[in-house]
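Participant: Read off the chains here:
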Amino acid sequence: MLVQLSWRNIWRNARRSAIVLSSIVVGVIAVMFSNSFSLGLAHQMLQSQIRLHTTDLQILHPRYAENPSLEYSIVQPEQVLARIDTLPAVAAAGIRLEQFGLINSALNSSGITIVGVQPQRERHLTIIAQSIRSGRYLSGNSYEIVISEETARKLEIGVGDKVVLMAADRTGEIRSEVATVVGIFRTFNSDFDQMYSFVALPFLRAMVRADSLATAIAVRIHSAEAVEEVQQQITPLLPPPLVVLSYRQLLPLLSYMIEMYAQLMWIFYLIVGAAMIFGIVNTMLMAIMERITEFGVLLSIGIPPVKLVVLILLEAAWLGVLGAFGGVLAGSALIAALQSTGINLAFFSEGLRSLGVAAIVYPVLVPQQILNALIFVPLITTAGALYPAWKVYRLQPVEALRFV
Amino acid sequence: MEEVVRVEKVTKIYRVGSIETVALREVSLRIVQGEFTVLAGPSGSGKTTLLNIIGTLDQPTSGEVWIGGKRIAQQSAAELARFRLYHIGFVFQAYNLIPVLTALENVTLPLILQGVAKKEAEQRAETVLEQLGIAELRAKKPNEMSGGQQQRVAIARAMVTNPAIILADEPTANLDSHTGAHLLDLMQQMNEEHNVTFLFASHDPQVIDRGRRLISIHDGAIVRDEVRSSSTAAS
Numbered sequence: 000m001l002v003q004l005s006w007r008n009i010w011r012n013a014r015r016s017a018i019v020l021s022s023i024v025v026g027v028i029a030v031m032f033s034n035s036f037s038l039g040l041a042h043q044m045l046q047s048q049i050r051l052h053t054t055d056l057q058i059l060h061p062r063y064a065e066n067p068s069l070e071y072s073i074v075q076p077e078q079v080l081a082r083i084d085t086l087p088a089v090a091a092a093g094i095r096l097e098q099f100g101l102i103n104s105a106l107n108s109s110g111i112t113i114v115g116v117q118p119q120r121e122r123h124l125t126i127i128a129q130s131i132r133s134g135r136y137l138s139g140n141s142y143e144i145v146i147s148e149e150t151a152r153k154l155e156i157g158v159g160d161k162v163v164l165m166a167a168d169r170t171g172e173i174r175s176e177v178a179t180v181v182g183i184f185r186t187f188n189s190d191f192d193q194m195y196s197f198v199a200l201p202f203l204r205a206m207v208r209a210d211s212l213a214t215a216i217a218v219r220i221h222s223a224e225a226v227e228e229v230q231q232q233i234t235p236l237l238p239p240p241l242v243v244l245s246y247r248q249l250l251p252l253l254s255y256m257i258e259m260y261a262q263l264m265w266i267f268y269l270i271v272g273a274a275m276i277f278g279i280v281n282t283m284l285m286a287i288m289e290r291i292t293e294f295g296v297l298l299s300i301g302i303p304p305v306k307l308v309v310l311i312l313l314e315a316a317w318l319g320v321l322g323a324f325g326g327v328l329a330g331s332a333l334i335a336a337l338q339s340t341g342i343n344l345a346f347f348s349e350g351l352r353s354l355g356v357a358a359i360v361y362p363v364l365v366p367q368q369i370l371n372a373l374i375f376v377p378l379i380t381t382a383g384a385l386y387p388a389w390k391v392y393r394l395q396p397v398e399a400l401r402f403v
Numbered sequence: 000m001e002e003v004v005r006v007e008k009v010t011k012i013y014r015v016g017s018i019e020t021v022a023l024r025e026v027s028l029r030i031v032q033g034e035f036t037v038l039a040g041p042s043g044s045g046k047t048t049l050l051n052i053i054g055t056l057d058q059p060t061s062g063e064v065w066i067g068g069k070r071i072a073q074q075s076a077a078e079l080a081r082f083r084l085y086h087i088g089f090v091f092q093a094y095n096l097i098p099v100l101t102a103l104e105n106v107t108l109p110l111i112l113q114g115v116a117k118k119e120a121e122q123r124a125e126t127v128l129e130q131l132g133i134a135e136l137r138a139k140k141p142n143e144m145s146g147g148q149q150q151r152v153a154i155a156r157a158m159v160t161n162p163a164i165i166l167a168d169e170p171t172a173n174l175d176s177h178t179g180a181h182l183l184d185l186m187q188q189m190n191e192e193h194n195v196t197f198l199f200a201s202h203d204p205q206v207i208d209r210g211r212r213l214i215s216i217h218d219g220a221i222v223r224d225e226v227r228s229s230s231t232a233a234s
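Keeping their order, the protein sequence lines are chains A and B. Residues 0 to 403 (numbering that gives the first Met the number 0) are what the first sequence spells out, left to right. Residues 0 to 234 (numbering that gives the first Met the number 0) are what the second sequence spells out, left to right.
If you're looking for bench data, these hints aren't it; they were derived computationally from the structure. Hints are supplied without guarantee of correctness; some may be wrong.
What the hints assert, rightly or not - Pairwise CB distance ranges, derived in the manner of DEER restraints:
| hint | chain 1 | residue 1 | chain 2 | residue 2 | range |
| --- | --- | --- | --- | --- | --- |
| 1 | A | ARG401 | B | GLU143 | 21 to 29 Å |
| 2 | A | GLN3 | B | ASN161 | 18 to 26 Å |
| 3 | B | GLU129 | A | ALA336 | 56 to 64 Å |
| 4 | A | TRP6 | B | GLU7 | 40 to 48 Å |
| 5 | A | ASN281 | B | ARG223 | 48 to 56 Å |
| 6 | A | ASN281 | B | GLU2 | 24 to 32 Å |
What the hints assert, rightly or not - To be clear about the criterion: a stretch of chain A counts as covered by chain B if any three or more of its residues have a C-beta under 8 Å from a C-beta of chain B, and this derived list gives those stretches:
| hint | stretch |
| --- | --- |
| 7 | 246-253 |
| 8 | 315-329 |
For glycine and all other residues, C-beta sits at the position ideal for the given N, C-alpha and C.
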């Protein structure tokens, strides 16, 4: 009876209820959108890093991550790679040798990380081959280098020009080689572009006297959700002391950022929830002031005061449930639409490049957001009705009946 | 005759700041089953205050009240509500039906609150609506009914729980004389046929004329209490 009565009561003043519901719906949409956008941005930063260079998993010497020196390299990486290739979950894998060095043109020089890669394998690991703006990607021949637009601009060179690469070998002796720029790339991460240049693996091995060595084996897998599972499959295949690290371990800051954004949702909810509570308190106070005599009648008939409290709370809960459902439906529809088109932030593209994010951000909607809205919003509106309900609880029947 | 109401030396004093207003002065009365009693008196005489105290809606400053043999002492709001639910029916001047409920739902409401199953509650409510000749109003909401129809539904709501007494405060005040007379006929019929005990508070001559017992109140005190023969009381 109370459920039925409360449902009908909220439609007594349909316009007022519609206004309150609209404010709840807008609040839910705002929270869902801002949360989805933040999560989308964070996911995109993470995915960008994975697709640029990090890949899903990397096999490393355990000390290499903290001290990236040739001293902590992988010996006979081809044997390890052959084992990795046998795993069905692995989409691509490739050997890398990285060394800090200098790149010099006739006019300028720049500090870079020279990355020796297996071009045919690396094509399937990262997007560098697809990001070539002029020239071509590495063919596998020695004496070829692919540099970024930033580096080309700084060195004032273009495709076909020669550069001198300088780097220390395993013994610390400085080695140098001449290479020809065969391609210039540009990605959505300006920091990355300034830092990295790519050559064929044998060329760099020869240059830094690191035959049969690698600093990492990069692994891309078919399903990103299975990263921990594949990590466990790879671990027993590795000779000591090698380890396999997931992108979460390789990019801990970005992973924390995603968790932080998930937590931020609660702060959004607190802010929007506070506004909702004031709206509900106001609405419910108005609603009960209009019905004081009616509460007096109900008390006269013999309704227990606590049931009147339940009635008021149910009315507020209905508003919360309807508002939450409306907000979730509208918010999900909006986010779904934006998930297919993306949110074009071309206006901020340079700023986003420094963050390592493409100009189009795709919001991410997770079931937890929907669940949180459906639970949290009715709780907020019900909490907002506690004070009005308390006022009704304290009503004296005689005073309520006399109320005009 | 079974005693329904006993009021012993009830005094009610309202205090607003330092000002005291005595609404009832040591009022005593006794009402037995099947009585059709009118509390008459001018506005401010204390008749509504006495009705509210008998209805457990208000507490006396001193004195004691028994309803259906139960002493109404200092009880919690929930206990008093429960007592009213089972023992007292109310009819108000302004009908005071719940606007979002139909006539049948309004009449069913007290039974549902008593915990009666919905189907049984509806059957009992239907029976009362039929007794009062308003079964056709069952699906109508208060805003679709005339004042007289609403007041009849209010009487049905008061009667449906078979209370010890029905308290009616100025039940005809918002009705035209013809409708009021018809309503009084109905209550009188319920009183005669079903032995329902009624206590009215009214200064409407039409109601006063119908009372088979007339209690006159003036300045918070009973000044006259007369049982009238059926020839004296209009029918």
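Participant: Within the stretch 315-329 of chain A, is the number of residues with a Cβ closer than 8 Å to a Cβ of chain B three or more?
Facilitator: violated (count 0)
Participant: Take the C-beta atom of ASN281 of chain A and the C-beta atom of GLU2 of chain B, compute their distance, and say whether it sits inside 24 to 32 Å.
Facilitator: 50 Å Cβ-Cβ, so the 24 to 32 Å window is violated.
Participant: Take a look at whether the Cβ-Cβ distance between GLU129 of chain B and ALA336 of chain A falls inside 56 to 64 Å.
Facilitator: holds (58 Å)
Participant: Can you tell me whether the CB distance of TRP6 of chain A to GLU7 of chain B sits inside 40 to 48 Å?
Facilitator: Given about 46 Å between the Cβ atoms, the range holds.
Participant: Okay, GLN3 of chain A versus ASN161 of chain B on CB: inside 18 to 26 Å?
Facilitator: The hint (18 to 26 Å, Cβ to Cβ) holds, given that GLN3 of chain A and ASN161 of chain B are roughly 25 Å apart.
Participant: Check the following: the C-beta atoms of ASN281 of chain A and ARG223 of chain B are separated by a distance inside 48 to 56 Å.
Facilitator: holds (52 Å)
Participant: Within the stretch 246-253 of chain A, is the number of residues with a Cβ closer than 8 Å to a Cβ of chain B three or more?
Facilitator: Check failed, 0 qualifying residues.
Participant: With 21 to 29 Å as the target window, see if ARG401 of chain A and GLU143 of chain B comply at their CB atoms.
Facilitator: holds (27 Å)
Consistency note: the structure conflicts with the earlier hints numbered 6, 7, 8.
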